[in-house]
Structures are given as C-alpha cells and as structure tokens.
Amino acid sequence: METNHTSPRYGMVIDVDRCTGCGNCMVACAVENNVPPADPKATERTGTTWMRVSKLENGLPFPENRSVYLPVSCQQCDHHTPCVSVCPQNAVEYDTESGIVAQIPVRCFGCRYCVTACPYHARYYNWWDPVWPEGMEKTLNPDVSTRMRGVVEKCNFCHGRLQAARAKAAAEGRRTIADAEYVPACGESCPTHAIHFGNLSDPNSDVSMLSKDKRAFRLLEELGTEPKVYFLSEQDWVHAIVKNKISTELKGHGNG
Amino acid sequence: MDKQLISRGTSRTPLPRFMLWILPWVAMLGIGLYAIFLCLSKGLNQTNMDNRFSFGLWIYLDLTVIALGAGAFFTGFLLYILKRKELKAVINSAVTIGFICYSGAVAVLAVDVGQPLRAWFTFWHPNVHSMLAEVTFCITCYLIVLIIEYIPVVLKNRRIKNVPSMLVFEFELHKLMVVLAAVGTFLSFFHQGSLGGLYGVLVGRPFAFRPALGIWPTTFFLFIISAAAVGPSFILLTTWLTSKISRKQLVKPEVLQDLGKISGSILIFYIILKTVDTIFWINSVHALGFSPAGFFRIQEFGTWILFLEIVVLGLVPAILLLSNRVRQNTTLLVLSATLACAGIVLNRYVMTIQTLALPTLPFDQFLSYSPSWQEVATFLAVIAYGMLVYSFSFRYLTLFPQEREIQSV
Amino acid sequence: MLSLVFAYAWSTGNIIFLGAFFTIVAIIVATLVTTTLRTLRALRANAAEAIRWKSDFHDMPSSSRTCRHVFTGEFERRVCNNEFNCNGCEQHALLLAQQNAAAMPVNAQMNPGFALPLDRLYSRGHTWTKQNTDGTYVIGVDDFAARLIGTPSAIDLPAIGTRLSINGSAWNFKKGETSVRMLSPLEGEVVETSDGAQGWYLRVQPLSADVKTGHLLRGAEVGPWIQREFDRLQNYLADPKIGLTLPDGGMPVRDFTAEFPEKDWDAIYSTLLLEP
Numbered sequence: 219m220e221t222n223h224t225s226p227r228y229g230m231v232i233d234v235d236r237c238t239g240c241g242n243c244m245v246a247c248a249v250e251n252n253v254p255p256a257d258p259k260a261t262e263r264t265g266t267t268w269m270r271v272s273k274l275e276n277g278l279p280f281p282e283n284r285s286v287y288l289p290v291s292c293q294q295c296d297h298h299t300p301c302v303s304v305c306p307q308n309a310v311e312y313d314t315e316s317g318i319v320a321q322i323p324v325r326c327f328g329c330r331y332c333v334t335a336c337p338y339h340a341r342y343y344n345w346w347d348p349v350w351p352e353g354m355e356k357t358l359n360p361d362v363s364t365r366m367r368g369v370v371e372k373c374n375f376c377h378g379r380l381q382a383a384r385a386k387a388a389a390e391g392r393r394t395i396a397d398a399e400y401v402p403a404c405g406e407s408c409p410t411h412a413i414h415f416g417n418l419s420d421p422n423s424d425v426s427m428l429s430k431d432k433r434a435f436r437l438l439e440e441l442g443t444e445p446k447v448y449f450l451s452e453q454d455w456v457h458a459i460v461k462n463k464i465s466t467e468l469k470g471h472g473n474g
Numbered sequence: 251m252d253k254q255l256i257s258r259g260t261s262r263t264p265l266p267r268f269m270l271w272i273l274p275w276v277a278m279l280g281i282g283l284y285a286i287f288l289c290l291s292k293g294l295n296q297t298n299m300d301n302r303f304s305f306g307l308w309i310y311l312d313l314t315v316i317a318l319g320a321g322a323f324f325t326g327f328l329l330y331i332l333k334r335k336e337l338k339a340v341i342n343s344a345v346t347i348g349f350i351c352y353s354g355a356v357a358v359l360a361v362d363v364g365q366p367l368r369a370w371f372t373f374w375h376p377n378v379h380s381m382l383a384e385v386t387f388c389i390t391c392y393l394i395v396l397i398i399e400y401i402p403v404v405l406k407n408r409r410i411k412n413v414p415s416m417l418v419f420e421f422e423l424h425k426l427m428v429v430l431a432a433v434g435t436f437l438s439f440f441h442q443g444s445l446g447g448l449y450g451v452l453v454g455r456p457f458a459f460r461p462a463l464g465i466w467p468t469t470f471f472l473f474i475i476s477a478a479a480v481g482p483s484f485i486l487l488t489t490w491l492t493s494k495i496s497r498k499q500l501v502k503p504e505v506l507q508d509l510g511k512i513s514g515s516i517l518i519f520y521i522i523l524k525t526v527d528t529i530f531w532i533n534s535v536h537a538l539g540f541s542p543a544g545f546f547r548i549q550e551f552g553t554w555i556l557f558l559e560i561v562v563l564g565l566v567p568a569i570l571l572l573s574n575r576v577r578q579n580t581t582l583l584v585l586s587a588t589l590a591c592a593g594i595v596l597n598r599y600v601m602t603i604q605t606l607a608l609p610t611l612p613f614d615q616f617l618s619y620s621p622s623w624q625e626v627a628t629f630l631a632v633i634a635y636g637m638l639v640y641s642f643s644f645r646y647l648t649l650f651p652q653e654r655e656i657q658s659v
Numbered sequence: 089m090l091s092l093v094f095a096y097a098w099s100t101g102n103i104i105f106l107g108a109f110f111t112i113v114a115i116i117v118a119t120l121v122t123t124t125l126r127t128l129r130a131l132r133a134n135a136a137e138a139i140r141w142k143s144d145f146h147d148m149p150s151s152s153r154t155c156r157h158v159f160t161g162e163f164e165r166r167v168c169n170n171e172f173n174c175n176g177c178e179q180h181a182l183l184l185a186q187q188n189a190a191a192m193p194v195n196a197q198m199n200p201g202f203a204l205p206l207d208r209l210y211s212r213g214h215t216w217t218k219q220n221t222d223g224t225y226v227i228g229v230d231d232f233a234a235r236l237i238g239t240p241s242a243i244d245l246p247a248i249g250t251r252l253s254i255n256g257s258a259w260n261f262k263k264g265e266t267s268v269r270m271l272s273p274l275e276g277e278v279v280e281t282s283d284g285a286q287g288w289y290l291r292v293q294p295l296s297a298d299v300k301t302g303h304l305l306r307g308a309e310v311g312p313w314i315q316r317e318f319d320r321l322q323n324y325l326a327d328p329k330i331g332l333t334l335p336d337g338g339m340p341v342r343d344f345t346a347e348f349p350e351k352d353w354d355a356i357y358s359t360l361l362l363e364p
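Chain order of the listed sequences is A, B and C. Residue 219 is where the first sequence starts when you use this note's numbering, and the numbers rise one by one after that. Residue 251 is where the second sequence starts when you use this note's numbering, and the numbers rise one by one after that. Residue 89 is where the third sequence starts when you use this note's numbering, and the numbers rise one by one after that.
No lab work stands behind these hints, which were simulated from the structure alone. Incorrect hints may appear among the rest.
[Unchecked claim] Computed cross-link-like contacts, DSS-like style, restricted to lysine-lysine with a CA-CA straight-line distance of at most 27 Å:
hint : chain 1 : residue 1 : chain 2 : residue 2
1    : B       : K338      : B       : K494
2    : B       : K425      : C       : K142
3    : C       : K351      : B       : K253
4    : B       : K411      : B       : K253
5    : B       : K411      : C       : K262
6    : B       : K502      : C       : K351
7    : B       : K338      : C       : K142
8    : B       : K292      : A       : K356
9    : B       : K335      : C       : K142
10   : A       : K259      : B       : K292
11   : B       : K411      : C       : K351
One chain only, chain A, in its complex shape (with noise of 0.2 Å):
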C-alpha cells in the first residue's frame, strides 16, 4: 500500500508496563463498536474481542516472577497490509486519507481468508446472529453500524469518532482535526494512560515522538508489514519474548 505522508497516518503506541490488565479498553470497544454479548456457546476462539489483552509471564519463581499485559488489536499494517490484497471482494480496504485498515462488513461474504492471512489474530467472524438482550438494544451507538452473522470484523481504530470529529471540523470551517479530537474508545478509556493515539505523520505528536524511544517495540516487525501499533516496556524480558521469533519458543501443545 503506497502511503501518502501528507495525510495523516494514525497510530497507537501503548505502554505495557503502564497497563494493569483491567480489561476496560476491550468493554469500552465493545460498547462503543457496538459488539453483541457473546453467545452462552462461544469461546475464547470464538467470541469477537476487537481488543484482546494478552498477559506475558518471565515465567521465573517468585520471587522474581513478572507479568505484563499486552492489549493486542489491529495492528494497522502499512504495508504489505496480509488481510487487504487476499480478499476477493474488496471488503477490505486501506484508506490512504488515515492509514486506517477499514473492513467493510457488507461487502463481506465470510470466506475468513483475511482472517487466515493476519498474524495478530485481529480479525473476528461473526459465528452467532448479534442479540441484544431485551432493553439493551438502547444501548447501540447510534454511529456504528451492526453486523450480521457470518461476516468478519475487526478493529477500525474507532472510524465512527473519526468520521465525527472530521464532520464537526467541517461543520466550523475547518480542514484539518488536532489530535485531540479523535481518540478510540480504547484509549480514552483507559485507566492509567497506557494507550496513547495520534498522527505518525507529525513528527511532533505524542505517538511519533514515543515510536523512536528505545523502549518501543512492534509485533513482528520481521514480516515487514509495519505495524501502525507500538509497545513500550523497559523490562528486558518483555522484548526478549517478542523478539523471539515465531514458533520457536513452543511450550507445547494446547489449545492457544
């Protein structure tokens, strides 16, 4: 996907040391992304967390055992993005206006081999029909449109604020949004600051200015596809585990 560097690139970077593994930035993009409860049959392969936290362990004894959280979403490849080019039906697309890796759900027919082509597990099908329990279809959110059975989702980056908060610019004159104006649910949801978002583009912004410290790190970044969602951590074991390549740190066999 060409990029173009004048518009803006959004990013996220988030700090794991920060994060306490509340799980507020996984209910908060449900409620805002309108995501049903899951089916009293659903597990956790089968239920659509747009946002998943992962808990890493150093695996030592106490008293020197450490553990992290990792919030793990899309992870907005920039290039060679897996999902778009695999899907036969352009429902998926790379907005070249945000950086954002949109997912059109009605174009969908729910082959899943976006979600056999992304390495993050980002992706989610809709194996039940949605069901609101009586009384809380109240609780939509009137900018998010619902899904269907039998197609894929995943996170956006909260497109709808984007949407609205380019609507309001426009609505007073204005060309461009400051950053401020449009966080995800995730990280204005979250307790301790752990989630920051903005522009990649602008060197100045928070995101930009956190990816160059030496404490970021990305998913694999070896696949080359530029993952627009930064890790923070000063705790050398957190970089030794994801930096250990895939598979060979297998600790045997269970169901993931």
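For chain A, the structure is supplied; the task is to place chains B and C on it using the hints.
Just chains B and C now, with coordinates in the frame of chain A:
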C-alpha cells in the same frame, strides 16, 4: 426399463444389487444434507472452526478434490491438444470425475462461506490482487466447462441418443470439444495455481509464504505441476477400483500403464522443484530470522512429515512409476499411483492445516482443531455424492468405450 | 458493470483480469450458441439420420469396421475410418480400378450356408437392395440377419413418404425385450412397405437419377464377408468355458435367437447389425 438404459454390449449388476450398493451412499448423503442444512440455517457455529483456525476440513477437502480432479483437464489436454489418442479410453471417466470433484468442491465452498448469497460480489467488484478472486473466477468458469463436457457423455445414453435433437446436439458439441478442452486447460492451470498461491501469498504466515516468481508465489507453480502429476494417477486408481468393484475389465492394460508413465514423469519433475523450493524456503525463512526447524518442533508436524511428503510419497512413487517393470505389474502400478495421490493429499493437508496450526505471535501456542460432526458429515456427503454420480454414470453411460470391445473379444 | 461499480479503476490489473475472464465467458457462450445453431440447422436439413450413423460408426469397435477390401484379400487388415462411405473413398476408387483388370472369381465356397443371391447389393448392416423395372428399389434383410433374428415379435416400419439416407435407420425389429435398427442401403423416399412376407420390407423411390450404390457389397465380396460375420457370431455363441469350436458343417439354424436364448442378444444384434 433399467436394461433399456444400459449401454448395449455391456452388462451391469442386477438392479436390486445396484440399489443395495447405492443405499449406504444415499444414507450418507442424507445425513450430510441435514448437516449442511444446519450450517446454512444456524450458521457456522455448527462447526469447530474458530477465529484462529478459520479454515478447516472443508477447505482442505476442496484443495484435495480439486487436485485429484485435475485428471479431467490434464487428460483432456493430452487427448485433444497433444493428440494422445490412447487416452480416449478414459476421457469420459475423467470428465465425470472432474465434474464430481469440482461440483462437490463448489457446493462445500457455498456452505463454508458465511454469506453464500453474497458470492456474486466477487464477480461484481473483484479484487484482482486476491488469489481467491482468481480461484473463484476460474473454478466457476471451469465448472461450467466441465458441465458442458459432461453433457455429451449423458446424451450418449442409449435412450437419450434415440432422440434426434439430443443426438445431433451431442454430435455438434463433440466437434467443438477441442475448444472446451483448451479453455479448460487454461482455466485449470490458473486455478490450480491460484489455490497454491492462496497460501504462498500469506505474508503473515512464514510457514506458507513463498517469494514471488513474476506475480505469483512459487506454490502457484508447484500446485499446477503436482495436480497435473497426480491427476492421471487418480484416473488410474479410480479406473482400477471401478474395474475391481464391477469385476470387469474396462480398459486395455496399456492404458493404465500409460497413465502411470505420464504421472511418474511429471511427478519426478515436481519432486525436484519441490525440493529446490523447500531449500530456498529454509534459506529465506532463515534470512527473516526464524528458525526453520522451529516450524517442525511439534511432533504431530515434525520433520517426518516433510520426509514422508517428499520422499516416501513423492520420490518413491515417481521412481516406481518410471520403471517399465513396475508398470507392467498391476499391483505395483496401483500401489505407486496410490502413493502418488497420498503425497498430494498430504501436501494439501500440510499447506492448510499445518499452516493454521502453527503459532504466529511469539507468545502464541500451537493450535489444535478437530472437526465437528457437521463438518465431517458434509465432507462425507461430498464423497457419497461422488460415489452416487459415478455409480449411476458407470451404470447408464459409457465411461469406458473400450469395455465393450474387450467384452466382445 | 465497471462505471456502476463503486471505486472501479481502469488499472492494468483490472483490465487483464476482467479481460481474460470475459474472453473465456465469451468463448464458452460462443461454443454453446454455435452448437445450438448447428444443431438446429442439421435438424432442419433432415441430417439427423446421417449424423446418427456418423456418431454410431465412431462408437463401433474396430472389429466391426473392417474394410471391404479385406474380404477380397487385398489387405490382411484394414479398418475403415470413413463411415463405410466407399463412394467418397480414394483408396476404394484406386483399388476398384485395379480389380477391373482382373475380375475376381466368385468364391461360393466361402459362404457358410446362407442364401445370399448375387443379383442384389448388400449393405454392411445386413440389408440388401435390388432395382425394380420401374426404377424403384426394394429393400430387405439378408439371410444372415433373418436367421439371426428369426421371427421378430414386432416390426416398426416407417411411414410412406419418409426419406431414408444411406446407413440411416430404415425400420426397427423388436425381438423380445430388445429392438434393433436396420440400416437403409440407399437414399430415397419410401413408397411402399411390407411385412416381409414377399421377402422385402420397403420399396423406395430414389431422390435423384444418380443413385449412390458404390458403397454396397457385391459379387466376390459377399461370400468372405458373410463368413467373417458368421465367425463373429460364433465367437459370441461359443461356450466361454470351452472356447471357439469348429463349425460342424451343417446348415446354420433358422432362428439363432431362439436356439441360444441365454445369450446377450442385445449385444449381438448391436455388434453384427451395427447399432452400438
């Protein structure tokens, strides 16, 4: 009435015995159709697939039957384009098998996708960079070609050909068969390839990812060649099996030997390329900073699987099939063809299931998946459907033109 | 499409991909349309019977397609690929010119006991034709077919005015559960039909003055031909466990079908009377 539908000069088992034979397949198809109904009405929560293992038994089945069904295009290509006349003895059977494989695969795909009614979107706004768009286009077209190629076989039925318009249509269609064979070959090359490309382009899956030669990853070419290699073997195998079950000699022994020879010569070529590709893959994965051995850490998918695929089920049958003496021994010939087919069945399994089972994130774990009964029943329904179509075709149509001549001598 | 499709661009990829796809669709459609048009044309031109013969001929085993010049001993083995259309066969014309130089003696010895008078012409499907004084031709079945079928259970004759084509269907015999089509030896319009009591079934009026009969067997060819046909029949009738036994020298039976009821007569008629 039944007798009047069976080709002249060929004898078939009495109708009650035939009914007894198809009964289990009908039952199997019935259960499968119920499973399909469940999947379509309740959704894919009826399967054991999930967001991590998003392709399962069905995609594996599709890849396999399409590879084995390649006998139809390749035999057609050899007969109509390269004028290998001896293959006329099996072309009708090959077309029937191709038709069964492709229609079965398309039917399962329609269940596998979440919103089958939206499949037309691919034709309306295709993403030309997607291998799956290429697959969809080619398979749809090729299925139409196969239906048109199968029609003459049906129209040649003893009763149907008595109707003048049917007879003339068959005759005229047959005259243009070379056009369809050419189109079929072109389409087959592309979709067999794009099925390989399906995995080869997965930049997020280093186990499957392959560098591009031109615009296609190397798996594109490997899938074409491997499908061409086992297609004739599968025709050999089905012909032999039909012959055993019906207790009739259907083709002259030279025909099976020819099929084996064709299969062997392409298979050896494929195995060389596959070996080269594997070596390049090890190097490129290494260059990315991964440990190639890491992909084979899990015992279920250890290096033994690579050895089994390339040597035991690749090199061995290729060498066997290339030997004149082996080919003259029917048991060995059939065994070698079975090994060759098993090699491709394993290759498609590795490409689909191992690719998905291997972790991608550093803190991921190896994933397991076992299909639900609905998935298995749907899988078996395709097999039952194939058995039924083939059984009826064998009974009432001329699948092996040589059969009659052999019987009358 | 295209302009109707949201965000469609005339990029190289789109043009190549969709171009290839629609070319293939066009080829498939063109093939079907051509076939349909040709079918309609052939049906209108009454070519169905000629096509049936062509189609059947190619489905016949090579043992049923022996060239007539094998009977005269000019070839050891030769398979016809020309639908028994000797009228248009170069090789036949060439050999005929040589034969005229040394007329072959009629070898009655070769005939294994069938009554095949040489005053008529025989088709490869065991029908014969003979010209009447009024210019019409009568068509009947030869002694071989008559004995093969015996007494048919039904005869399905064409309507008066039906146009017959060379080696097209003339009429059908039913025998028990099976039926067999008899081939017309020549082209013409049916002017009279008969139940075979006088030895013939059809009387036809040729369509043109130039009646094509060059493909029909005659004279010296008839004996060896019928010997070969009899051998083929005996192949079927031989006990599979004992194999082929030498003919006992007696006369062929009057009704083979009735004599060997356990045999697959459907297959035997199909092979010997050329209806695969």
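| task | Compare the distance between the alpha carbons of K502 of chain B and K351 of chain C with 27 Å, and conclude whether the hinted pair is satisfied. | result | Distance ~24 Å between K502 of chain B and K351 of chain C Cα, so the pair holds.
| query | Would the pair K335 of chain B and K142 of chain C pass a check requiring their Cα atoms to be no farther apart than 27 Å? | reply | Given that 27 Å is the threshold and the Cα spacing comes to 19 Å, the pair holds.
| Is K351 of chain C close enough to K253 of chain B, meaning Cα to Cα at most 27 Å? | holds (15 Å)
| query | Within a Cα-Cα threshold of 27 Å, do K411 of chain B and K262 of chain C meet the stated pairing? | reply | holds (18 Å)
| query | Quick one, are K411 of chain B and K253 of chain B close enough, alpha carbons at most 27 Å? | reply | holds (15 Å)
| Distance restraint between K411 of chain B and K351 of chain C, which requires alpha-carbon spacing of 27 Å or less | holds (25 Å)
| task | Given the hint that K425 of chain B pairs with K142 of chain C, test it: the Cα-Cα distance must not exceed 27 Å. | result | Within the cut-off at roughly 12 Å; holds.
| request: Measure nothing beyond the straight line between the CA atoms of K338 of chain B and K494 of chain B; if it is 27 Å or shorter, mark the hint as holding. | output: Distance of about 21 Å is within 27 Å: holds.
| field | Given hint K292 of chain B paired with K259 of chain A - CA-CA distance at most 27 Å | value | holds (13 Å)
| request: Sort out whether K356 of chain A lies within 27 Å of K292 of chain B, counting only the CA atoms. | output: holds (26 Å)
| query | Would the pair K338 of chain B and K142 of chain C pass a check requiring their Cα atoms to be no farther apart than 27 Å? | reply | Holds: K338 of chain B and K142 of chain C sit about 17 Å apart, inside 27 Å.
The structure agrees with every numbered hint stated previously.
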